[in-house]
Amino acid sequence: MGVAGGFLAPSLMGVVVFMGLPFGDVMRRSFLDAVGRAFVGVENYKIVWGNGAFRLAAGNMLRFLVIAVPVLFVVSLVLSLLVFQVGRGIFKTSLVLPMVIPAAAMVLVWKILLCRDGVLNQILSGITGRAWDVDWVNGDTAFWVLMITYVWKNAGYDMLLWLAGLGGISESLYDAARVDGAGGWAQLRYITLPCLQGTMGLVIVLSVVNSFRVYREAYLLAGSYPDQRIYMIPHLFGHWFLTLDVQKMCTAAAILVAGALLAAGAVRGVQSIVR
Amino acid sequence: MMWNRMRGLWRRMAAGLVAAGIVMGNLSGCGSGKEQEMGGGDGQNVSGGNRMEETGGDGEIAAVGRYVEVEMGLPQDVGEDRFVALFYGRDGNLELYMAREEGPEDVSGVRRFLREGEDWRLDEGWWDRVKPQGELVDIRRVFFGLDGNYYFTVMTREDYVCHLYQVQQEGESRELIPEVFQAEEGKEYGLIPTKVEVGKNGNILVHTFDDCVYYQPDGKKLFSMDKAWSGTSESSAGYLTEEEFITGAESGVARYSLDGGKLVETIPYEGVKRESDEGTVLFGDRSGGICMAGEQGLSRVNPGGSLWEQIIDGSLNTMGMKSVYLEEFLAGEDEDYFAAFVGEGGKGLMLCRYMYDPDMSAVPPVTLTVYGLKDNSTVRQTAVLFQKDYPDVRVEVLNGADQDGNVSEDTIRALNTEILGGRGADVLILDGLPGKAYQEKGILMDLRDVFETVQRENPMMEQVLADFTEDDGSIYQMPARISVPLIMGEDPALKAIESLEGMKRYEGEVPLIYTSTYANMLRMVASIRYEEIFGSGTLTEEMLISYLETVKALTDQNHAKSMFTEEEMEKMYISNHEVPYGIYGSDSRFDQGLSGCGMMHLEGMFSVILFEAVLDKHPEARQDTINGIYFPEVLAGVNQNTDQPDLAKEFVRRMFTTEVQKEELFDGFAVNLEAQQINCETDKEGVSVGSGYGDYYIGGSWPDLERRKEIYKIIRTVSVPVVVDETVMRMIVDGAEEYLDGKISAEQAAGGIYRQVRLYEAERE
Chain X
1 MGVAGGFLAP
11 SLMGVVVFMG
21 LPFGDVMRRS
31 FLDAVGRAFV
41 GVENYKIVWG
51 NGAFRLAAGN
61 MLRFLVIAVP
71 VLFVVSLVLS
81 LLVFQVGRGI
91 FKTSLVLPMV
101 IPAAAMVLVW
111 KILLCRDGVL
121 NQILSGITGR
131 AWDVDWVNGD
141 TAFWVLMITY
151 VWKNAGYDML
161 LWLAGLGGIS
171 ESLYDAARVD
181 GAGGWAQLRY
191 ITLPCLQGTM
201 GLVIVLSVVN
211 SFRVYREAYL
221 LAGSYPDQRI
231 YMIPHLFGHW
241 FLTLDVQKMC
251 TAAAILVAGA
261 LLAAGAVRGV
271 QSIVR
Chain V
1001 MMWNRMRGLW
1011 RRMAAGLVAA
1021 GIVMGNLSGC
1031 GSGKEQEMGG
1041 GDGQNVSGGN
1051 RMEETGGDGE
1061 IAAVGRYVEV
1071 EMGLPQDVGE
1081 DRFVALFYGR
1091 DGNLELYMAR
1101 EEGPEDVSGV
1111 RRFLREGEDW
1121 RLDEGWWDRV
1131 KPQGELVDIR
1141 RVFFGLDGNY
1151 YFTVMTREDY
1161 VCHLYQVQQE
1171 GESRELIPEV
1181 FQAEEGKEYG
1191 LIPTKVEVGK
1201 NGNILVHTFD
1211 DCVYYQPDGK
1221 KLFSMDKAWS
1231 GTSESSAGYL
1241 TEEEFITGAE
1251 SGVARYSLDG
1261 GKLVETIPYE
1271 GVKRESDEGT
1281 VLFGDRSGGI
1291 CMAGEQGLSR
1301 VNPGGSLWEQ
1311 IIDGSLNTMG
1321 MKSVYLEEFL
1331 AGEDEDYFAA
1341 FVGEGGKGLM
1351 LCRYMYDPDM
1361 SAVPPVTLTV
1371 YGLKDNSTVR
1381 QTAVLFQKDY
1391 PDVRVEVLNG
1401 ADQDGNVSED
1411 TIRALNTEIL
1421 GGRGADVLIL
1431 DGLPGKAYQE
1441 KGILMDLRDV
1451 FETVQRENPM
1461 MEQVLADFTE
1471 DDGSIYQMPA
1481 RISVPLIMGE
1491 DPALKAIESL
1501 EGMKRYEGEV
1511 PLIYTSTYAN
1521 MLRMVASIRY
1531 EEIFGSGTLT
1541 EEMLISYLET
1551 VKALTDQNHA
1561 KSMFTEEEME
1571 KMYISNHEVP
1581 YGIYGSDSRF
1591 DQGLSGCGMM
1601 HLEGMFSVIL
1611 FEAVLDKHPE
1621 ARQDTINGIY
1631 FPEVLAGVNQ
1641 NTDQPDLAKE
1651 FVRRMFTTEV
1661 QKEELFDGFA
1671 VNLEAQQINC
1681 ETDKEGVSVG
1691 SGYGDYYIGG
1701 SWPDLERRKE
1711 IYKIIRTVSV
1721 PVVVDETVMR
1731 MIVDGAEEYL
1741 DGKISAEQAA
1751 GGIYRQVRLY
1761 EAERE
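If you read the sequences in order, they're chains X and V. In terms of this note's numbering, the first sequence is residues 1 to 275. In terms of this note's numbering, the second sequence is residues 1001 to 1765.
List time: in silico DSS-like cross-link candidates among lysine-lysine, alpha-carbon distance up to 25 Å:
1. Lys1662/V to Lys1649/V
2. Lys1684/V to Lys1709/V
3. Lys1713/V to Lys1495/V
4. Lys1504/V to Lys1561/V
5. Lys46/X to Lys1436/V
6. Lys111/X to Lys1743/V
7. Lys1709/V to Lys1662/V
8. Lys1662/V to Lys1374/V
9. Lys1561/V to Lys111/X
Hints in this document: simulated from the structure, not taken from any laboratory.
With the hints as constraints, model all of the structure from the sequences given.
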């Protein structure tokens, strides 16, 4: 423990200094006024909890997590299985390529494709024979556009994680299964997926973390005030900072962390019940 | 093995000795005595020659030595005269030349004053002795040639031709190279030089707008030399020495040899704070250095050198003032400098002398920071006057906008980060900043005591004061200037402007009102119908639909677009530029009968000139304010976190004094009543303004007293401050484009905008 503690100490100190202390200050400020002079009790919590913009942004974030993360999970897994089976050359490289394309450049292409006079509308007009005049980024489809950009951007990265997991599964297991007459589906269900459990946790955690970064694409695609369906927490925080509503930001952060801890606790609870 | 160890040990010892040597050297360099020379300067006349001295009793070391400005006395009775020249004459004395127009039909009488001690002695009858006989002339410039003779240039009134004269020993004058200035055959005007100089050998250098031509005394052209473009017809940055011609070039200061006109070198401007050549004076000092004086101060470089050294900081004295123009700057005999500043029309001369004070701190020990999102003349004017009265305070004016004047959200975030850290500027100029949010968060200081003093000493407009006073009497921000939109037209058009519905329903032979693009039309209608659209405090969807439909009707009438092509812009003489409040080209369209009414955004009496000129041509039209609206400008507030609350408040108070407010600085009308009165009574006879494009031209001169009174009477009635939230305006501009292009309905566009505005409002709940 002594040696391990010694090795852990620098990292732990970093976390305490750069994460723990600031978060402590965030918690403190959530009970103070905007400039941190006067104690206001739980007033900020009442205000933020009742704030329509916060509810909308938090709801959108949750919706995005619930829908986009599973989609990314499945898509990246399927892609990794295909790559693992078919071959890893150009196919793999092309799937990883979105990771290295700058977001600003990528968003420009999305805009050219998806704006009212964009390529997608022209293709659809050509196919259907009627004029398509849909603003894909600023209308009902905004959420799905954002989700596609998220999946497109992150599928390659997650695929690499899956591939690493797949590479760690012993071929002898599949040989034994085939001798026992197991088909492809049975091999996937009884060998591949159980052996990928460790990788699954990592993929989910990283997908959730990356989902918080989707604000960058949302901002570049639709600006500071996008369609309400893709209005995220970072939009709100950005605007609150402009008007120096620091107390609201701190309170909202505290609420979100509390929500995340509750969710994590619930998951662990369910896991322990299942076990 | 042993040898390797020894070698390693020796290396470590050597490294240690070197390190110790460096540290000791630095320590001894920093702490050797109380007084120490900085830089390699050779005297006290340059900033590099500052000394280090202990200031106060706390052991703090600071550089001392700075040029101090002293205003010089003027000859009696020259207040209304026009400045002509200031230079060292034949006897080594300063000579001042002032022109006086003795009547509209009379020639300019030029008076020559010679500096004697601290006084000026008038050289009686000088002009009568030297002036050209038989012609009515206007003096342009008097100068002392390197050949030891006096010269002057004049313009004849009858044919507007320039003439160069040399003053003879016996007093009379002899004309030189007249053929150079005569109009060529088939041309209306001859060469009008921006400056003329005479070299040691009597050769004559004639400056034009973009080059200088060197002539022999007999008029034979020798060669020409390129120079930076002169923006005005009466000034040119450059000077002759015995062997060289020094002038401004595109990328620096150019040195030409007078032996053939070859370029010797171009000294880059690197390190020199300069905004433009306008108001820049180039001159040589007595040690051969090249000096450049301007708004930023005085900088000097040695011939062959490349490092400019700032000798005088213009932000600390009259050089940085926006209300005066630098006409002349000279090196004196005692390591001092002389400067001549003038006001509008070359009148209102101010002579300043800059003397080195070895005991004054090189940089004022106290800094007061003023932050705004754009460069502002009123703030700069206040800063200079403030520093004159508080020599120990340096006012640092910070401009948050980028080089193109653009402001991003990141700029405001950076400011907010500083404010949250308990820092930030002492004084905030809140134009474009979230002033209301700052006020609500307790970032701004209550300035009621400042404005009690202002009202007691220099009363400002009551209604403006009331508009920015909270219900409990507190005051957090106050506009130092206001701009006012005025409208002109016949009654039906003016009646239509009174409501959105009226504007939409207007049916005239020509469009009701003009502006260029969708964005400008949206901004203009939002500004002039501000109370109707935003007055209830909440923007409703119905109101948005009405507003958008009105704009659609106006843009359709005007064939406006979201953006014009280069070709269209050239053909129609318009631009895609988004202008403040959207008022663009409206007066000229009305003048040409292309719109039912014309509007102008007035920021001072200068902008009234064209408005009045149009009005003069249309006796059927009348002028009016638009429901008494005005635009607050230069909103001043004080940061609650400032360490210097008294200084910051004093700075704000200064912004509202008559001394600052009486200057026409093109950023709005004064709010100070006494300053308004002074401005109203100020007659700038001879000032004229013209504007035109294609075949169209409109011009006018300074309004007469009656007109000025009328304008100020209107200014004093405005009572509705219009501050359109830029975020909301941006949402409207972005969201309305497709509707105005006819791609979606008004309801669809309004719905989209409304949802965004609601979200914006929800964030603030």
